[in-house]
Structure formats: C-alpha cells, structure tokens
Amino acid sequence: RKEVEQDPGPFNVPEGATVAFNCTYSNSASQSFFWYRQDCRKEPKLLMSVYSSGNEDGRFTAQLNRASQYISLLIRDSKLSDSATYLCVVNEGHGSSNTGKLIFGQGTTLQVKP
Amino acid sequence: DTEVTQTPKHLVMGMTNKKSLKCEQHMGHRAMYWYKQKAKKPPELMFVYSYEKLSINESVPSRFSPECPNSSLLNLHLHALQPEDSALYLCASSQTMTSLYEQFFGPGTRLTVL
Numbered sequence: 001r002k003e004v005e006q007d008p009g010p011f012n013v014p015e016g017a018t019v020a021f022n023c024t025y026s027n028s029a030s031q032s033f034f035w036y037r038q039d040c041r042k043e044p045k046l047l048m049s050v051y052s053s054g055n056e057d058g059r060f061t062a063q064l065n066r067a068s069q070y071i072s073l074l075i076r077d078s079k080l081s082d083s084a085t086y087l088c089v090v091n092e093g094h095g096s097s098n099t100g101k102l103i104f105g106q107g108t109t110l111q112v113k114p
Numbered sequence: 001d002t003e004v005t006q007t008p009k010h011l012v013m014g015m016t017n018k019k020s021l022k023c024e025q026h027m028g029h030r031a032m033y034w035y036k037q038k039a040k041k042p043p044e045l046m047f048v049y050s051y052e053k054l055s056i057n058e059s060v061p062s063r064f065s066p067e068c069p070n071s072s073l074l075n076l077h078l079h080a081l082q083p084e085d086s087a088l089y090l091c092a093s094s095q096t097m098t099s100l101y102e103q104f105f106g107p108g109t110r111l112t113v114l
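Quick mapping for you: the protein sequence lines, in order, are chains A and B. Per our numbering, the very first residue in the first sequence carries number 1; after that it's consecutive. Per our numbering, the very first residue in the second sequence carries number 1; after that it's consecutive.
Some hints could be false.
[Said to hold, decoys possible] Heads up, simulated DMTMM-like pairs for lysine to aspartate or glutamate below, C-alpha to C-alpha not over 25 angstroms straight-line:
1) A:K2 to B:E58
2) A:K79 to B:E52
3) B:K53 to B:E84
4) A:K113 to A:E92
5) B:K40 to A:E56
6) B:K41 to A:E92
7) A:K42 to B:E24
8) A:K2 to B:E24
[Stated by the list, open to error] Using C-beta positions, here's what the derived DEER-type ranges look like:
9) A:A67 to B:A80: 21 to 31 angstroms
10) B:G14 to A:K113: 21 to 31 angstroms
11) B:K18 to A:N12: 39 to 49 angstroms
12) B:R110 to A:R59: 25 to 35 angstroms
13) B:T16 to A:A67: 49 to 59 angstroms
14) B:S62 to A:P14: 32 to 42 angstroms
15) B:L54 to A:T18: 39 to 49 angstroms
16) B:T96 to A:N12: 33 to 43 angstroms
17) B:K40 to A:R66: 46 to 56 angstroms
18) B:G14 to A:P10: 31 to 41 angstroms
19) A:D39 to B:S20: 23 to 33 angstroms
Everything labelled a hint here was simulated from the structure, so no lab data went into it. In this text, all values refer to a predicted model and were calculated from it rather than measured experimentally. Virtual Cβ for every residue (Gly too), placed ideally from N, Cα, C.
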C-alpha cells in the first residue's frame with residue numbers, strides 16, 4: 001500500500017462545476033496535512049493546510065478525517081485557472097513529532113474546460 | 001516574504017562537468033531541503049539540513065554533494081552526473097525540520113545532463 005494514495009485522474013470538468021479530490025494516508029502518526037498545487041513545469045505551491053476541524057479558503061474546502069486517515073479537497077465554481085495537478089502531502093510522523101519528511105501523493109490532474 | 005529563490009533556472013551540463021545549484025531564503029527558516037522531480041512524478045526528497053547541519057540523506061549518490069554555508073543558503077554541487085539525473089531540482093524551506101508548518105518551494109532548476 002502506498003503511503004499517500006490519490007486518484008491520478010484526470011478529472012475533466014466544465015467551468016463552474018464542483019469537484020472533489022480524495023486522499024488516504026497510511027501512517028497514523030502523521031500530524032500535518034497539506035494540499036499543494038503544481039502547474040506544468042512549475043514548483044509545488046501551498047494551496048491549503050488541512051486541519052481536523054476542516055478549513056475553507058474562498059472556493060476551496062479541505063477536510064481531514066483522522067479516524068479514517070482520509071483527506072479531501074473540494075473546489076466549488078471551478079475556473080479555467082484551477083487546471084493543475086493537486087498534490088496531497090502528509091508530514092511523516094514519528095511518535096509525537098514530525099520527521100521533517102513530506103510524503104507526496106502521486107497527484108490528481110484537474111482540467112477545467114470552457 | 002515567503003520566497004525561496006534558486007539559480008540557475010536552467011542548466012545543461014556534460015557528464016564530466018562540475019556545476020552547482022544555489023538556493024536562498026530570507027524567511028528565517030532553519031530547515032532547508034533538496035528535492036528531485038521527474039516528469040509526471042511527485043518530488044523525491046534528497047537531503048534535509050536542519051540548523052545548517054545535514055540531517056537526512058536519502059541514500060543519494062555521492063555525485064550529488066550538498067552544502068549549507070549559512071542559515072539562508074543551500075547549495076547542491078554536481079559532479080560526473082548521468083543522463084538519468086536530468087530532472088527538476090527543487091529547493092524548499094520550513095520553519096524547522098520537525099515543525100507542523102508547511103514547506104515553501106523555490107521555482108527549481110531544470111537540469112539536463114548530456
């Protein structure tokens with residue numbers, strides 16, 4: 001089983017659609033969770049940190065379910081500019097601390113079409 | 001300022017050349033990272049420096065040699081590389097290695113080994 005698993009897609013959606021990405025992680029000791037966005041041939045950029053209580057930033061909502069070791073990202077009212085690869089990222093946990101290593105999912109590709 | 005800078009943006013080198021990649025951050029972060037990313041794959045961790053000391057080496061071949069001259073700078077010295085080392089090399093930083101905070105990535109150096 002991969003440490004962080006994502007559906008690679010691609011997800012092809014029309015502008016204005018709502019799309020949801022899911023991610024599961026295997027290390028129950030992980031303590032930090034993130035969604036990064038990566039455009040073609042660019043660096044990953046932090047989209048959102050993910051907290052147990054869930055968090056929202058404009059059209060983006062992230063949820064964490066520690067019991068199920070599951071992370072989600074919801075994008076509402078999709079824009080053309082949302083087209084990118086979305087990386088689910090988990091900080092490797094060890095005991096009560098992080099090791100400093102980020103574990104990346106393979107990424108989910110989103111293509112928003114006019 | 002959440003900027004990590006990297007130079008050069010592009011580098012083409014022969015297998016007998018020696019070159020260096022440079023990374024700089026002025027966010028006061030005490031952890032810095034080197035990643036390698038191949039096309040359509042997530043970033044792979046190579047090295048982690050914590051408080052200017054090498055903390056993690058992910059069994060990287062010795063033809064890659066990291067250096068951390070001070071808390072703001074990180075170098076990656078390259079020597080006798082192979083064509084399969086061609087990739088995007090990303091530098092990142094975070095507050096500390098074991099913090100719960102996110103890593104910020106630089107724009108990367110796209111390396112081609114002939």
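Here is how each hint holds up against the structure:
no.: 1; hint: A:K2 to B:E58; verdict: holds (18 angstroms)
no.: 2; hint: A:K79 to B:E52; verdict: violated (42 angstroms)
no.: 3; hint: B:K53 to B:E84; verdict: violated (28 angstroms)
no.: 4; hint: A:K113 to A:E92; verdict: violated (35 angstroms)
no.: 5; hint: B:K40 to A:E56; verdict: violated (28 angstroms)
no.: 6; hint: B:K41 to A:E92; verdict: holds (19 angstroms)
no.: 7; hint: A:K42 to B:E24; verdict: holds (18 angstroms)
no.: 8; hint: A:K2 to B:E24; verdict: violated (33 angstroms)
no.: 9; hint: A:A67 to B:A80: 21 to 31 angstroms; verdict: violated (50 angstroms)
no.: 10; hint: B:G14 to A:K113: 21 to 31 angstroms; verdict: violated (43 angstroms)
no.: 11; hint: B:K18 to A:N12: 39 to 49 angstroms; verdict: holds (45 angstroms)
no.: 12; hint: B:R110 to A:R59: 25 to 35 angstroms; verdict: holds (31 angstroms)
no.: 13; hint: B:T16 to A:A67: 49 to 59 angstroms; verdict: holds (55 angstroms)
no.: 14; hint: B:S62 to A:P14: 32 to 42 angstroms; verdict: violated (51 angstroms)
no.: 15; hint: B:L54 to A:T18: 39 to 49 angstroms; verdict: holds (45 angstroms)
no.: 16; hint: B:T96 to A:N12: 33 to 43 angstroms; verdict: holds (40 angstroms)
no.: 17; hint: B:K40 to A:R66: 46 to 56 angstroms; verdict: violated (30 angstroms)
no.: 18; hint: B:G14 to A:P10: 31 to 41 angstroms; verdict: holds (37 angstroms)
no.: 19; hint: A:D39 to B:S20: 23 to 33 angstroms; verdict: holds (27 angstroms)
The structure fails to meet hints 2, 3, 4, 5, 8, 9, 10, 14 and 17 from the earlier list, while all remaining hints are met.
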